[in-house]
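**Student:** Sequence:
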Amino acid sequence: MKATLLLSYLPTIILVGTKGSNAGAVLPRSDADTIASFGRQGLCLSYFSTGPTDKELAPCKIFCPTQDPNQDPNGVGCKGPGIDQDKLDPSTIFKDDDGNEYTPGTCVCDLSAAEAFLDVVIQALAKLDEVLCAVILSAITTIIEIGIDFVPGGAETEAVKKAVEGAKTFVENGLDAASFFGNWIGDSCGISDFSFNLQDAFDGLSVEPDSLGVSKGCFKSGGACPKP
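Residue numbers 3 to 230, in my numbering, belong to the letters of the sequence shown in order.
No false leads were slipped in.
Okay, the calculated beta carbon distance ranges per label pair:
#	residue 1	residue 2	range
1	69	154	50 to 60 Å
2	192	76	19 to 29 Å
3	198	89	14 to 24 Å
4	213	68	47 to 57 Å
Below, computed lysine-lysine pairings styled on DSS-like, alpha-carbon distance capped at 25 Å:
#	residue 1	residue 2
5	97	57
6	218	163
7	129	164
8	81	97
9	164	222
10	222	129
11	81	218
12	63	81
13	222	81
14	97	63
15	129	218
16	222	163
17	81	57
18	163	129
19	164	218
Rather than coming from a laboratory, the hints here were simulated on the basis of the structure.
Yeah, the Cβ is synthetic: ideal placement off N, Cα and C, and Gly gets one too.
Between the sequences and the hints, there should be enough to build the whole structure, so can you do that?
**Tutor:** In structure tokens:
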């Protein structure tokens, strides 16, 4: 994300002037005002960890139908900046009324195309069956709690490799932690609630050495993936 200037504009309003798609984002202090303001600009609340999906997508349900009258207001998505939280300008990080941290994301109105792309990426990765699901979650938990050096060999090592391969593939294709755990591991394993911070786990897996796994490649049209 480009450098951002944060100014106190009015007692109840914060004005963020950025370069790029989020230029001129006005961030009122209440969730209701934030949603209304974002809904006029095509922005959404991109949470860093588990956050309320209804609040995250609420601005897009306002914005997207204005772009296409036939748009299903429920068929929308939110695309984050694709940058680690610690690398973002702190002035672009906010808290909602419940204390959940987020940064402005961009509304995805053509969710059918986004879902189709996500399906292509997921299909390129290892198929997660019931046995592998249990092992991969155990391995990720071990990495988070005591480090990768303490992952036992055998099945758990293989599970770590599949998780690292998956995380690096998601990163290369501009997909985030929520998609990795929600759409791949979560949907495949029938899990909707995880006992660890999704962003921290995703970030850790994506920077493991290539000896543990590499990306399956870029699946965007024309190979338009960001360079690592």
